[in-house]
Every structure is written in C-alpha cells, then in structure tokens.
Amino acid sequence: METIIKQKIKEVKKGDQSAFEDIVSFYQNKVFHICLRMIGNSYEAEDLAQEAFIRAYTNIHTFDEKRKFSTWLYRIATNLSIDRIRKKKPDYHLDAEVKGTEGLDMYSQLAADQALPEEEVESLELQTYIHREILALPPKYRSVIVLRYLDELALQEIAEVLEIPVGTVKTRVHRGREALRKRLRHV
Amino acid sequence: MNCNREAIALMHSYLDGELYKEDERRLRDHLQSCPSCQEHFQELKRTTTLVKNATPVSAPPRFTANVMANLPKEKKRKNYLRKLQRHPFLTAAAVFFILMFSGIFTAWNQDQQVTVSKQENLEIRDHTVIVPDGVTVEGDLVVRNGDLRIEGRVDGDITIINGDIVESDSNNESESDNRLDRNNLRAYSGELTEVNQVYEWVWYHAKKTFKEIFTFEQD
Ligand SMILES: [Zn+2]
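Protein sequences appear in the order of chains W and X.
Under the numbering used here, think of the first position of the first sequence as 1, with each following residue one higher.
Under the numbering used here, think of the first position of the second sequence as 1, with each following residue one higher.
No lab work stands behind these hints, which were simulated from the structure alone.
Here the structure is a predicted model, which is why all the values come from computation and not from measurement.
The beta-carbon is built from N, C-alpha and C at its ideal position, and this holds for glycine as well.
Any given hint could turn out to be false.
Quick look at which bits of chain W chain X covers, simulated, 3 or more residues with Cβ under 8 angstroms [said to hold, decoys possible]:
| hint | stretch |
| --- | --- |
| 1 | 7-21 |
| 2 | 72-78 |
| 3 | 155-165 |
| 4 | 168-182 |
The shape of chain X in the complex, shown without the other chains (with noise of 0.2 angstroms):
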C-alpha cells in the first residue's frame, strides 16, 4: 500500500466513518507495518480529539432575550392581537380598561356639540338632526349629542349617542302613530342603536374596538 496516496487517504475516510470494513481491515494491517504512517495516523486522531475537546463554546448571557428584543417590530403587533384574539373575555375586560384611562369619560363629559357622521342634506335644529322628507341617507348614520328625527328614510344602521330618536312634530295623534309607525318600520332599514349613558358610551367604543381586532384577524 502506498502510504501517501492510499494510506493517508483510508485513515482520514475512517475518522469520518465512511471506512469500508474491507479497507478498515487493509488500513490495519498497513499500520502495523508502517511506523511512519502509525505516528501520522496517531497525530490524526489527537488533533480530531484536541479539536473536539475545545469545542464547548456557550452563548453569551442574554443572546435569547436579545434576539427577541431585536426582531421586526410589526410581526410584535400582531402577536399582541393574536393574544387578545385567543382570550375574547380578556379583549373586553382590556378594552374596557384602556378605554376608561384614555379619556373617553372626558370625552362624554366635554364633547357637547352635536355631530352627525353624514352632513349633506340633513338639518341641524335646536341638537336635532333632521332627515327632511324626500332625502333618503345612503349608509349608516351616527349622530352624537343631539335627536334625530327622520322624516325621509335612512338606509342603513343608525347609532345615536346622548339622544333619542323623536317623533316628528305633528298635532294629529293618529298621525303620530302612522308617523312613529314609519320610524320603527320603515324610516330606517338597519339597526337602532341608542347610546345614552356613560356605561353604555364606553361599551359601545368597546364592541367597535372589539370588531376592529378581529376585523384585523381576518386580513
């Protein structure tokens, strides 16, 4: 066997363990002939040794907390909401909460003037929106700090906040049924709701917030 060519070749396949038992037994039989090739061989396995025994190299302290510190911050957010998502209760005991420190009772408190979400050809009169007959408001309808009266129609859900819905004036009482009549069946194609107390303000801020997380899921 030639030891540069073949020899050397054997011992370095063997310490990969990739050494076929036929040239194991070939490689042996060479070393104990060979004392060049045994010194070789035996340097060989000392350096994979020194080579593997200086191997434990430990992270430093922290590295874990580091690399999350240092991930995107975006993919955090969502993180953030999918927690929420898996606790619904939760969701709505935090939103309560972050709602009640965020100013929404000062908002319920300061924010008197009366504001309607669709302005074009609607009446404002006395904190009263009007819906003139003849105007129909496409979409939904939300009037805060002030009644609504509808004399035409609203085609959507109507949200009224610190008001009421009222009747339209009228000095006929039949007329007022007819008249409330339309209103509840007619004068409005969605929803009704009315917000009239502070409780009642922040719960609807929390079913919107609410909505909105998981409105966001499903992008």
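Chain W on its own, in the form it takes in the complex (with noise of 0.2 angstroms):
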C-alpha cells in the first residue's frame, strides 16, 4: 500500500488533485481517530482532520518521499489536535503529570463507584467509557497512548511522530497505560 502511496504523492507534486483523493480515502478513518480520541467530540474532529488533510495537501512539497507518509501525516493531526486543546484550555497544563498514586485515587474511588454492572457492560456504553477514560489522560500521555494503539505503532515511530526521544515515548506510555490500569480494572 506505501507504494501506491507513494505513487499517489508523486501525482499530487505535479498538480494533480484528484490524486489526493485516494490518499484522504486510504487514511481518513486513522486521522478521524487521533482527533476524535485527542478532541473528544465528532464535529470538532472531523474539523481537525479536515484542516489536517488540507495542510498536509498544501505542503506536500515539505514532504520527503525517503519518509513513511502516515508518520508525516499523523504528527499533522497530532500537532493541530493539542493547538485546539490548548486555545481551548489557555491555562491546562499539557505537562501535567500521571505521577503514580496522587490524584489517581480520588478518581479511582469515584470510577469504582460508578463501575457498570456486568450486564451492562457492552459494545457502545463501554466504548464511551474507554473513550472518556483516555480523554481523562493530560494530552501528552492522550498522544502516546492512541498512536500506540492506533495501528499498534512502535515506539520509535511514534517518537518519529511526535518528534521527540524515544526514550520520552516509553515513559509516557508506561505512565500513560498505568493511569488507564487504574481507571479500567473496575469495568
């Protein structure tokens, strides 16, 4: 598929928009994805992913055809997902922090007092649960953790993604994976 892709690339360098169609078509439901899972709700996601598809079709020529397009294109959604957070939330702290227990109990009382009966646990009650609970994370830990189960990303690539040390990537995942350990046993 990267070579058909990367075909597609080619075209659209040499002006040919319809080319881009296939590349949105091919990759719309992975962007979708990081936005909805960074943004939380479905209209400004599918916003984000728009303008992520537009930015990435204006500066195609920035790309570097040696690269895996997706890691290009994903650290454009990823990047314009956390600039919305951040205009939404002027005073969040994007860095703050998953640090073992503190706070974490508090929310872990309350998510096991409203842990969903058995019977109740089921396909789209639990998928928003899930979902609510990753929203829950500071966005750094929020990032890793849905390019590393978007598509089972590895380390290293998603370090490529969010062009920072892999060794950051592997604590944000640890911490990340132990904050939703905490919030997900009860269910």
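Quick one: dock chain against chain with the hints and give me the complex.
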C-alpha cells in the first residue's frame, strides 16, 4: 500500500489534485481516529481531520518521500489537535503529570462507585467509557496512548510522529498505561 | 526482583514488544512467585485489550468529498488545464464548443467596425488599413473587418479577419506585378493569415485558446 501511496504523492506533487482523493480516502479513518481521541467530540474531530488533510495537501512539497507518509500525516493531525486543546483551555497544563498514585486514587474511587454492572458492560457504553478515560489523560500521555493503539505503532515510530526521544515515548506510554489500568480495572 | 521498580517496568516493555528473551524469562519466573505482580500484569493486559477494542472509529460519511471540495481553488484550475493538455483532441473540440456558445458567432456578425491592432502611423480609409510608404510596423499586425494595403513594411505576422490583403493603387500592370511581388516577398516578414468565414473565425480563436493553454503549462 505504501508504494501506491508514494505514487499518488508524486502525482499530487506534479499538480494532479485528484490523486489526493485516494490518499484521503485511505487515511481518513486513522486521522479522524487520532483527532477524535485527542479532542473528544466528533464535530470538532471532523473539523480537525479535514484541516489536517488540507494542510498535508498544501505542504505536500515539504514531505520527504524517503520517509513514511503516515508518520508525517499523523504528526500534522496530532499537532493540530494539541493546538486546539491549548486554545480551548489556555491555562490547562499540557505537561501535567500522572505520577504514581496522588490524585488518581480519588479518581479510581469515583470510578469504582460508578462501575458498570456486568450486563451493561456492552459494546457502545463500554466504548464510550473507555473513550472518556482516554480523554481524561493529560494530552501528552493521551497522544502516545492513542498512537500506540492505533495501528499498533512501535515506540520508535511514535517518537518520529511526535518528534520527541524514544526514551520519552517509552516513559509516557508506561505512565499512560498505568493510569488507564487504574481507571479501567473495575470495568 | 523488586516489584515496583523492576517487575512493572518489564511488564510494560513486554507489552511494547521490547523485552529481550532473558528478561522475559526473569519476568515469568517472578510472576509465578508473586500474586500481586500477577494481578497487576493481568490488569495491564486487560487495559490493553480494552483500549485496542475500543478502536474502530470511522470518519463521517462524505468526509473525503468534503476535503476535496475544500482544497485550495487555483490548484484546481491547473488540474483542469492539465486534463485538457493530456487530451489535445478533446481540447480542440471543447474549445470549439465553448467558443460556439460563448457568443463568438454574434461577435462575428455584430462587430463590423474596422479595427487594427497597431494604430500608430497607419491610415484607415474606406474599410482599408494602409501601411503608408516608408512606414515599418514592428511586430505582428491584426486587421479586423477591413482590408489591408501595405505600401511600407510589416516586420511580423499578419492576420486579417473578414478582409483581404489588397494591392496598392496602380495604373500600370507591370508595376502592379511588382507591387504584388513586393507584398509577397518583402512587405512583411512573417506569416499571413486571412480569416474570412465564420468557421475559420472560430477555428482561429480555437487555435489561439489552444496555444494559450499550452503556453500556460510552461509557466
Ligand atoms: Zn512482584
């Protein structure tokens, strides 16, 4: 697939706009997924995902064809989402930590009280619940978790998408997963 | 093995597919002897499964079409031109029809006034544009709805629409021959195009538009 995409990118670079349609249609679910998990609601996610593709199109000449296209595209989508979160809550600490236990205990307690009965732990509600728990993560943990479980992206690739050291990705994935474990263990 | 420091870190590395065989064996040994780590590991695996299974997300309907409709416009025009360039035959036909419906025929009938592309030093008398003796027109000359008589020189191509190139007034047959000779061989340096039929007129426009499309490509 990557070779077909590369061919399409060449055509877009030459000015063939219609070749971009196949690229959008191939990646739309992935890009929408990133935006939805990052921002939370589907209207804003659609808006962000559209913007991501339009930016990819207008900046296609800066894309290095020796690299993986998905990495570049996911970076655009993630950065746009993080910018949007920042604009919505200017005083929100993007770098808020999910350290060990403090703060989380209270949350886990809350989650335990609202734990869903076994029979209700069914598709849609469970999905919504998990979606909310991912959204509750501070953005820097949220982004690595979303990328890690979208396509099973390897740590190295997440590092390339977010342009941060792989060691940092590793730490964030571990902490993000620990936080989710505490929040989801009652499900 | 220290549970919090080492065992949990190994669990995460395992879940990220980054655990060496040696460490994997050490982790397995520890899990067998430590119920608390075993529970922790089960919870992590379950979390992973839940997050993965919550994944299928589909873009809204018509997403791709909406993106395509919102791409920058000028690129679109270029794309349209590129398509035409790929099919020159189709282009000729398309240009022909566009001209047909965009009032070229009306223009042919209504625009009866004599016009000439270069006014300087030229005389217009009785529907005839005259390049006077001793005058040299630099560049191409287009005469519309009138005849053209060259007594001087034209340094370029000549296009006459709805008119003829005429000989200079002359009483003398041999002199007339001379003049004709001069017109043909020396009075103008470029090509002569005469357009005298509606069909030719449209074709002339088609060729012009066609040329413009292909010139655009070279930008
Ligand atoms: Zn242990």
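Hint check:
Figure legend: the stretch 7-21 of chain W, annotated as covered by chain X; annotation consistent (6 residues with Cβ-Cβ distances under 8 angstroms, at least 3 required). By the rule of at least three residues with a Cβ nearer than 8 angstroms to a Cβ of chain X, the coverage given for the stretch 72-78 of chain W is violated, with 0 such residues. Proximity of the stretch 155-165 of chain W to chain X, defined as three or more residues with a beta carbon under 8 angstroms from a beta carbon of that chain, is not established by the 1 residues found. Residues of the stretch 168-182 of chain W lying with their CB closer than 8 angstroms to a CB of chain X number 7, which satisfies the three-residue condition for coverage.
In summary, the structure is inconsistent with hints 2, 3 from the numbered list given earlier, while agreeing with the others.
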